[in-house]
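J.: Protein chains in written order, with my numbering: chain A, 8 to 195; chain B, 8 to 195.
The hints are simulated quantities; they were obtained by calculation from the structure and are not laboratory data. For every residue, glycine included, the Cβ atom is placed at its ideal position computed from N, Cα and C. Keep in mind that the hints are not guaranteed to be accurate.
One-sided excerpt, in silico: chain A residues whose CB lies under 10 Å from chain B [to be verified]:
| hint | residue |
| --- | --- |
| 1 | PRO86 |
| 2 | LEU127 |
| 3 | PRO148 |
Here are the computed lysine-lysine pairs in the DSS-like style, where the Cα-Cα straight-line distance is at most 30 Å [what the hints assert, rightly or not]:
| hint | chain 1 | residue 1 | chain 2 | residue 2 |
| --- | --- | --- | --- | --- |
| 4 | B | LYS162 | B | LYS106 |
| 5 | B | LYS128 | A | LYS128 |
| 6 | A | LYS106 | A | LYS58 |
| 7 | B | LYS128 | A | LYS58 |
| 8 | A | LYS128 | A | LYS58 |
| 9 | A | LYS106 | A | LYS128 |
| 10 | B | LYS162 | A | LYS128 |
| 11 | A | LYS162 | B | LYS106 |
| 12 | A | LYS162 | A | LYS58 |
| 13 | B | LYS58 | B | LYS128 |
| 14 | B | LYS106 | B | LYS58 |
| 15 | B | LYS106 | B | LYS128 |
| 16 | B | LYS162 | B | LYS128 |
| 17 | B | LYS58 | B | LYS162 |
| 18 | A | LYS128 | B | LYS58 |
| 19 | A | LYS128 | A | LYS162 |
| 20 | A | LYS162 | A | LYS106 |
| 21 | B | LYS58 | A | LYS162 |
Number of protein chains: 2
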Amino acid sequence: MSRWEPNARGRLAQAALDLYQERGFEQTTVTEIAERAGLTERTFFRYFADKREVLFGDQTMLEEIYASAIANAPASAAPIDAVATALETVVPVFQERHKLVRQRQAVIAANPGLQERELLKGALLTSAIAEALRRRGVIDPAASLAAEVGVIAFKMAYAHWVSTPDEQDLSQLIRESLNQIRVMIAGQ
Amino acid sequence: MSRWEPNARGRLAQAALDLYQERGFEQTTVTEIAERAGLTERTFFRYFADKREVLFGDQTMLEEIYASAIANAPASAAPIDAVATALETVVPVFQERHKLVRQRQAVIAANPGLQERELLKGALLTSAIAEALRRRGVIDPAASLAAEVGVIAFKMAYAHWVSTPDEQDLSQLIRESLNQIRVMIAGQ
Numbered sequence: 008m009s010r011w012e013p014n015a016r017g018r019l020a021q022a023a024l025d026l027y028q029e030r031g032f033e034q035t036t037v038t039e040i041a042e043r044a045g046l047t048e049r050t051f052f053r054y055f056a057d058k059r060e061v062l063f064g065d066q067t068m069l070e071e072i073y074a075s076a077i078a079n080a081p082a083s084a085a086p087i088d089a090v091a092t093a094l095e096t097v098v099p100v101f102q103e104r105h106k107l108v109r110q111r112q113a114v115i116a117a118n119p120g121l122q123e124r125e126l127l128k129g130a131l132l133t134s135a136i137a138e139a140l141r142r143r144g145v146i147d148p149a150a151s152l153a154a155e156v157g158v159i160a161f162k163m164a165y166a167h168w169v170s171t172p173d174e175q176d177l178s179q180l181i182r183e184s185l186n187q188i189r190v191m192i193a194g195q
Numbered sequence: 008m009s010r011w012e013p014n015a016r017g018r019l020a021q022a023a024l025d026l027y028q029e030r031g032f033e034q035t036t037v038t039e040i041a042e043r044a045g046l047t048e049r050t051f052f053r054y055f056a057d058k059r060e061v062l063f064g065d066q067t068m069l070e071e072i073y074a075s076a077i078a079n080a081p082a083s084a085a086p087i088d089a090v091a092t093a094l095e096t097v098v099p100v101f102q103e104r105h106k107l108v109r110q111r112q113a114v115i116a117a118n119p120g121l122q123e124r125e126l127l128k129g130a131l132l133t134s135a136i137a138e139a140l141r142r143r144g145v146i147d148p149a150a151s152l153a154a155e156v157g158v159i160a161f162k163m164a165y166a167h168w169v170s171t172p173d174e175q176d177l178s179q180l181i182r183e184s185l186n187q188i189r190v191m192i193a194g195q
């Protein structure tokens, strides 16, 4: 039962997302996910704590990528530039999985409980980014503000990117969102 | 049992917040809240659906104030100015209840479940503000961006205001937060 299965994690994630879309998240069982992927439940639980983890399991990886990208930004980079660079660092992760990301977003949009979870994860990500800035010596409120504004720019860009059929450049959309925020409050 | 009690709502809210602080939110019952306020449980349930409502019951009122303040902003006001004006409209509500607001914040900070609820309420408020802007003819992404940035400025100002012992001017702090955001991304 514990033999190695090629790309088991990817197959399980794809099977889960297909089933969540076809039947709804609540109506799908781990047994069905494993069956669809041609794997065992035991294999499922080697990769995911539960069926919700399929949707939110990348959180820790993302936090680590953001934190290290911010730590490695040039010492001279302004806080918001360090955040923008970190956000762009993660873009390939999303671009490579465009179909999976869009399926995930549709599943979350259809379920209020999952929307709450997504919101909470977003807040935790903002905190992780602010913390990474503080470790660079940026003091509050600048660290929190840069993290909040950066995450908003990302969220707006991501929402646009995920809802458009043709693949746009997510990095470009993030820069455009930041620019829109700048123009918007410049006249205030 | 249904006789009118002067300021029953206020007395119940104060008793509840005192008990949540003394014993913790989870450990407090509605029976104890009513007893502390010198009122009946029946009176409690005339004002609040449950003990969590004591902390989050003002949400609808706030959404309505924001929406009408945005609707009534001068036609010439830029989206972010309409939002800033709306945020300042609500300031007296907080200023008048400084002690209660600080108690509420301490109770929420001590309980992860309540923090999640607060986060969700904040997201709903952001949506309500964006919707009020769209009713003014502001199109997305400008409406969502103005709402998100405005709420961030408010959250930062509010966090500072609630954590300082001497009463500062919350309106002034909101304007300062918006200014900090402007300066922060101006160089980007």
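J.: Each of the hints needs a verdict: does it hold here or not?
T.: So, going through the hints one by one against the coordinates:
1. Taken as an interface hint, PRO86(A) checks out: its beta carbon lies about 7 Å from the nearest beta carbon of chain B, inside 10 Å.
2. With 10 Å as the threshold, the beta carbon of LEU127(A) comes within range of chain B, its nearest partner Cβ sitting at about 6 Å, so the hint holds.
3. For PRO148(A), the interface hint holds, the least distance from its beta-carbon to any beta-carbon of chain B being 5 Å, beneath 10 Å.
4. For the hint pairing LYS162(B) with LYS106(B), the CA-to-CA distance comes to about 18 Å; that is within 30 Å, so the pair holds.
5. The suggested pairing of LYS128(B) with LYS128(A) holds, with an alpha-carbon distance near 15 Å, which does not exceed 30 Å.
6. Restraint check for LYS106(A) and LYS58(A): the C-alpha separation of about 19 Å stays at or below 30 Å, so the hint holds.
7. A threshold of 30 Å between alpha carbons decides the hint, and for LYS128(B) with LYS58(A) the separation of about 26 Å falls inside it, so the pair holds.
8. With a C-alpha separation of about 16 Å, the suggested pairing of LYS128(A) with LYS58(A) holds against the 30 Å cut-off.
9. With a CA separation close to 21 Å, the supplied pair LYS106(A) and LYS128(A) stays within the 30 Å bound.
10. In summary, the hint linking LYS162(B) to LYS128(A) is supported, as the alpha carbons are separated by about 18 Å, within the 30 Å threshold.
11. In summary, the hint linking LYS162(A) to LYS106(B) is not supported, as the alpha carbons are separated by about 35 Å, beyond the 30 Å threshold.
12. For the given pair, LYS162(A) sits about 24 Å from LYS58(A) by alpha-carbon distance, which is consistent with the 30 Å threshold.
13. Proximity of LYS58(B) to LYS128(B) is assessed by CA-CA distance (about 16 Å); at most 30 Å being required, the pair is judged to hold.
14. Straight-line distance between C-alpha atoms of LYS106(B) and LYS58(B) comes to about 19 Å, which keeps the hinted pair within the 30 Å bound.
15. This hinted pair checks out: LYS106(B) and LYS128(B) have alpha carbons roughly 21 Å apart, not beyond 30 Å.
16. Distance restraint check for LYS162(B) and LYS128(B): the Cα-Cα separation of roughly 12 Å lies within the 30 Å cut-off, and the hinted pair is therefore satisfied.
17. Restraint check for LYS58(B) and LYS162(B): satisfied, since their Cα atoms lie roughly 24 Å apart, inside the 30 Å limit.
18. Only pairs whose Cα atoms come within 30 Å are accepted, and LYS128(A) paired with LYS58(B) is accepted, the gap being roughly 26 Å.
19. For the hint linking LYS128(A) to LYS162(A), the alpha-carbon distance of about 12 Å falls within 30 Å, and the restraint holds.
20. The suggested pairing of LYS162(A) with LYS106(A) holds, with an alpha-carbon distance near 18 Å, which does not exceed 30 Å.
21. For a cut-off of 30 Å, the pair hint linking LYS58(B) to LYS162(A) is broken: about 33 Å separates their Cα positions.
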